[in-house]
Every structure is written in structure tokens, then in C-alpha cells.
Amino acid sequence: MSALDMRPAGALAATEAALAAVTAAAPLNAVLATTEARARARAAAIDALPAAEREALPLAGVPIALKDNICARGTRTTAGSRILEQFVAPYDATVVERLDAAGAVIVAKCNCDEFAMGSSNENSAYGAVRNPWAHDRTPGGSSGGSAAVVAAGVVPVALGSDTGGSIRQPASFCGIVGLKPTYGRVSRYGLIAYGSSLDQIGPLTRTVREAGHVLAAIAGPDPRDATTVHAPAFEVPGPEAPLQGLRVGVPRALLASGVDDDVRHAVEQALATMVAGGAVLHDIELPHAEYAIPTYYLVATAEASANLARYDGVRFGHRAPAGDYDDLASMYAASRSQGFGAEVVRRILLGTYVLSAGYYDAYYRKAQQVRTLITRDYERAFASVDVVAMPTAPTTAFRLGEKVEDPLQMYLADVFTVSANLSGLPAISVPCGRDGAGLPVGLQLTAAAFAETMLLRAAAAYEDARGAFPSPA
Amino acid sequence: MSRFSPDEIDRVAALAQLRLSDELRDRLAADLAQILDYVDRLQAVPTDGVPLTSHIVEGAGDLRPDQPRPSLSVHEALANATDANEKAGLFRVPRVIGA
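Same order as they appear, the protein sequences are chains W and C. Residue numbering for the first sequence is 1 to 473, as defined by the numbering used here. Residue numbering for the second sequence is 1 to 99, as defined by the numbering used here.
Treat the hints as calculated values from the structure; they're not laboratory data. All C-beta atoms in this analysis are idealised placements derived from N, C-alpha and C, irrespective of residue type, glycine included. Among the hints, a few may not be true.
Unchecked claim - Restraint-style ranges between C-beta atoms, simulated for each label pair: (1) C:D83 with W:T23: 33 to 39 Å; (2) W:A45 with C:S21: 49 to 55 Å; (3) W:Q86 with C:S5: 35 to 41 Å; (4) W:D361 with C:A14: 44 to 50 Å; (5) W:A342 with C:F91: 40 to 46 Å; (6) W:R310 with C:N85: 19 to 25 Å; (7) W:R310 with C:H75: 35 to 41 Å.
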């Protein structure tokens with residue numbers, strides 16, 4: 001057993017404590033449903049196992065919360081949308097099956113931006129989540145509920161999904177670790193789809209090694225998701241993770257403008273810490289990174305417009321009342337228009353427009369070409385460095401209501417995170433300091449495809465050198 | 001901000017099977033115009049001969065054998081529908097044929 005063991009002494013006791021903590025954390029609005037019956041049954045079963053069998057389960061008794069766009073059999077799964085208010089998942093996502101098999105106990109479903117579309121959690125049909133560090137601030141998005149429950153100490157682990165930064169940015173805003181694995185590392189079977197060439201499930205935890213252990217439990221090929229690959233297994237760092245000799249790429253030009261001074265200062269401090277431990281900084285160029293946001297919002301919305309076509313009021317989801325339509329087509333339109341929130345409608349329309357006749361070449365095709373150039377920039381960088389370092393987000397947690405009326409300003413908050421999705425690369429956010437108001441800052445490290453061993457080792461080495469990071473009061 | 005006429009927004013909304021209120025139509029026309037003005041900066045990137053990203057990781061796309069295996073029961077498959085005829089095993093929708 002390692003010194004990092006996350007497993008509690010008793011599964012049922014840990015489950016009861018987590019359920020009580022969910023209740024105590026109600027003011028955060030981070031949890032949409034608890035899964036008490038399922039959790040208690042699972043926990044009791046784990047406690048009843050012979051010691052040797054229990055010891056063999058890597059996450060035995062660990063309470064875990066799921067973002068509410070991940071299906072867990074018998075639990076309401078809304079994806080933060082009114083259109084799925086009554087939807088009860090009839091099956092488990094692959095990640096849920098794997099967590100179960102590892103001995104984890106799923107205790108809650110977490111609030112999120114509707115269909116994972118947002119950077120502040122304000123697009124949830126069930127109200128915004130509050131940041132545990134300051135209740136008038138956003139926890140980030142779209143996995144804001146998942147980040148808030150881990151930061152508040154309700155559960156040690158939550159799963160989120162990351163299409164353009166939706167694990168890493170809320171981890172940054174809430175002062176915890178958030179890991180987006182390489183595209184293809186984790187099955188999305190049972191994840192409610194947003195942008196299918198970008199979506200990836202990953203963990204939010206307090207420490208890098210914990211994130212690695214959870215990823216190890218959920219990763220691996222799945223015949224039910226053809227995008228998963230037979231990638232080499234990765235190693236979770238042991239107690240000793242050296243910075244000595246680590247080659248850290250820093251895209252100076254990208255950081256030259258549009259980054260808050262406090263964020264820049266904290267990231268520079270983090271780089272200095274890494275250098276003091278023996279890491280070597282390399283200036284690198286990512287010349288197409290400035291095009292990542294427009295590329296992302298074209299690709300993601302195009303894919304969303306196709307994925308969200310399935311919500312038609314027939315097999316599942318909201319159907320408009322009988323008086324609101326007179327034929328099949330008007331039933332679809334009425335049901336969809338009543339069920340989707342404003343940001344989802346905005347993205348469906350943008351995606352539909354850029355895929356429509358006459359505009360496809362100028363927008364979607366162009367974006368998929370620029371995407372190739374963004375990926376090539378990273379491939380070039382990883383020929384000479386082990387990881388690339390930059391802030392996770394250009395600011396710390398902004399105030400609720402501050403950007404919600406200006407979608408473009410909200411999109412720009414994703415400037416440092418979307419490239420990893422466009423290129424499929426693994427990336428992690430690790431707390432690296434606090435701003436003048438005491439709010440956490442996140443350092444983002446990105447590694448080459450399927451180089452999770454390197455990514456986790458570098459992140460753990462930095463984390464060790466940094467020392468303990470505080471929790472919200 | 002005149003990139004989208006009300007007719008143009010309605011054309012796109014119809015493609016997406018959405019119905020917009022007057023207020024939402026005006027708001028979305030302005031939002032989409034602003035967003036498209038921003039994404040137009042992509043046009044400045046030279047991309048002649050650059051392939052489209054179609055798959056981002058090598059080795060993906062393995063298809064499983066097409067073999068019958070257990071799936072949801074009819075009861076489970078119909079459980080989330082607003083209107084279903086469980087006895088017949090059908091989802092019910094407004095009349096399409098002969099309507």
C-alpha cells in the first residue's frame with residue numbers, strides 16, 4: 001500500500017460522511033441528485049468483502065461524484081438541461097462500470113453547464129454553482145459542480161468531462177487538480193455527447209497522484225467506444241518524482257497579453273520553483289495558438305448541432321404539451337425550443353449555420369485545416385520538450401453574472417485550454433498560487449499524446465516542490 | 001450587426017428544428033454576427049494543401065464484430081418516453097402517414 005492510499009477504513013462510514021457533507025454543502029448548489037440507495041448497497045458490499053479481496057480493489061470505498069452528463073443506471077441524468085429533467089439513465093457509462101469494479105462508491109450527480117456548454121456553470125437549467133472560495137464567484141465550467149464538491153471537501157474525487165477545458169478551468173478556479181486524458185484514453189460510452197471529436201472524461205481531485213490513480217481505474221479500450229485505443233498503460237508517479245532534467249516548454253508569445261498580472265505572477269513563480277528543482281525552461285513557439293478559440297467554436301458547435309439532433313421528444317427527454325404542435329415537425333420544434341436553454345440554442349444555430357450549404361468550406365472545412373496546424377505546432381514543440389507550461393485560464397474565478405450577457409467574452413476565457421482538445425493531448429491543471437483576493441490560480445501542463453506518464457510525473461514533481469495548497473475556509 | 005436578417009436566422013433555426021421568439025431571434029442575430037466576425041480571423045491563415053483533421057489519434061476506429069448480444073429490454077427502452085405503447089412496444093408520435 002502506498003503512502004497516497006485514498007481508501008477509507010470503512011466504505012459505509014465514508015459513504016455516510018460524504019452524503020452528510022453533500023447536505024451541508026447545499027448552499028453551493030453543486031449537487032443535483034444523490035444516489036443514496038445505490039451508494040449504501042455498494043459500500044456495504046465492499047465492507048463485507050474478505051480483507052484480501054478488499055485490498056485488491058484500488059479505490060475500495062472511495063466516495064465519488066459524477067458530473068450529471070455521465071449516465072449511472074437508475075439515477076436521474078440531466079446534463080444540466082431542462083430537456084432531460086425526467087431522464088433516468090437505463091444503463092451505466094463505461095467509466096461508472098469501471099469505478100464500480102475498482103471499489104469506488106458513487107454518491108452524487110453534480111451540477112454543470114447545460115450539455116457541458118459553458119465556462120461558468122451559469123448555463124445550468126438548475127442554477128449556477130457557487131465557488132467554495134467565494135460564494136459570489138463562479139466555480140468555472142462546465143464541470144463546476146464536480147470541482148466545487150472536491151474543493152469543499154465533500155468527496156475526494158469527482159469525474160468531469162472536458163471538451164474545451166471543462167475539467168481544467170474549474171479545477172483552476174477552485175484550487176484543485178483537474179486532468180484531461182489523451183483523446184482515446186477513456187471511453188465516452190454513457191457520456192452525453194457534446195463535441196465528439198473533443199470530449200474526454202477525466203478526474204478532479206486534490207492531488208496529482210490521486211488523479212493518476214483514478215485515471216488508471218477508468219482508462220483503457222472499450223468495444224462500445226470506437227475512438228478508444230489500445231494505448232500503452234501509463235505509470236502513476238511513486239513517492240519520488242524528480243524535477244531534475246525536466247524540459248519545460250514556455251510559449252512566451254502566447255502569454256504576452258491578455259493574462260491577469262496575478263495569474264502571470266503565480267505561473268512565473270511556479271516556473272521558478274521548477275527551475276530551482278532542476279527543470280530546464282525552453283522558449284517555444286505555438287504560432288497557431290491564437291486561432292484556437294475560433295477553431296474550437298466552429299468545430300465544437302458543428303458537432304453539437306449534430307449530437308443534439310437526437311433530442312426530439314420521442315424516445316426520451318421533454319415533449320411539448322399536446323396543444324403546442326399540430327404535426328410531427330412542429331412537435332420536434334416545440335419540444336426542442338422549450339427544452340433547450342439560450343446558450344445551447346446559440347451553439348446549435350452557430351453549428352448548423354457553419355455546416356449549411358454555402359458556408360461549410362469557409363467555416364467548418366477551414367477550421368479543420370487550422371486544427372491540423374495547431375496540432376503540428378505541438379508536435380514540433382514536443383520534439384524538444386517534455387511538457388508545455390502555461391496558465392490554465394487567463395484570470396482567476398470571475399464574479400457570477402460578470403460575463404453571462406456576453407458570449408464572446410465568455411468564449412475567450414477558454415484561450416489556453418481548447419488547444420489540448422483540438423489536438424487530443426493530455427493536459428492537467430495544478431494549483432500554483434493565489435491572487436490578491438486569495439483566489440486560486442492554476443498551472444496547466446500539456447504533454448504529447450498518450451504521454452500521461454510524463455504529464456503526471458512532471459505535475460507531481462511540481463506539486464511536491466510547491467508544498468501543501470490550502471483549502472477554502 | 002446586419003449579417004443576419006430575421007429570415008436568415010429563421011432559415012437556420014428551421015434546419016435545426018427550432019422555433020424562436022421575436023426577442024430571441026433579435027438577440028441571436030446579434031450574438032451570431034459578433035461571433036462570426038470574430039471567427040473570420042481564420043480566413044487569414046494560409047491553409048492551401050493542409051489536410052483536414054479527421055482523426056486526432058492513431059489507432060482508433062477499431063470496430064467490434066457485429067454480433068447479437070443482450071441489450072435494453074423493451075420496457076427499459078420505452079421507460080423514458082413521454083408517450084409510448086408498452087404493450088405494442090412502440091413510441092407514439094403524431095400521425096405521419098395519411099396526415
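Status of each hint after checking the structure:
For C:D83 and W:T23, the hinted distance range of 33 to 39 Å is satisfied, since their beta carbons lie about 36 Å from each other. Between W:A45 and C:S21 the beta carbon distance is about 51 Å. The supplied range of 49 to 55 Å therefore holds. At roughly 37 Å, the beta-carbon separation of W:Q86 and C:S5 lies within the given 35 to 41 Å, and the hint holds. Between W:D361 and C:A14 the beta carbons are some 22 Å apart, a value that contradicts the proposed interval 44 to 50 Å.
W:A342 and C:F91 have their C-beta atoms about 29 Å apart, which leaves the hinted 40 to 46 Å range violated. Remark: the range hint 19 to 25 Å for W:R310 to C:N85 is upheld by a beta-carbon distance near 21 Å. Checking the proposed 35 to 41 Å range against W:R310 and C:H75 shows it is violated: the Cβ atoms sit about 21 Å from each other.
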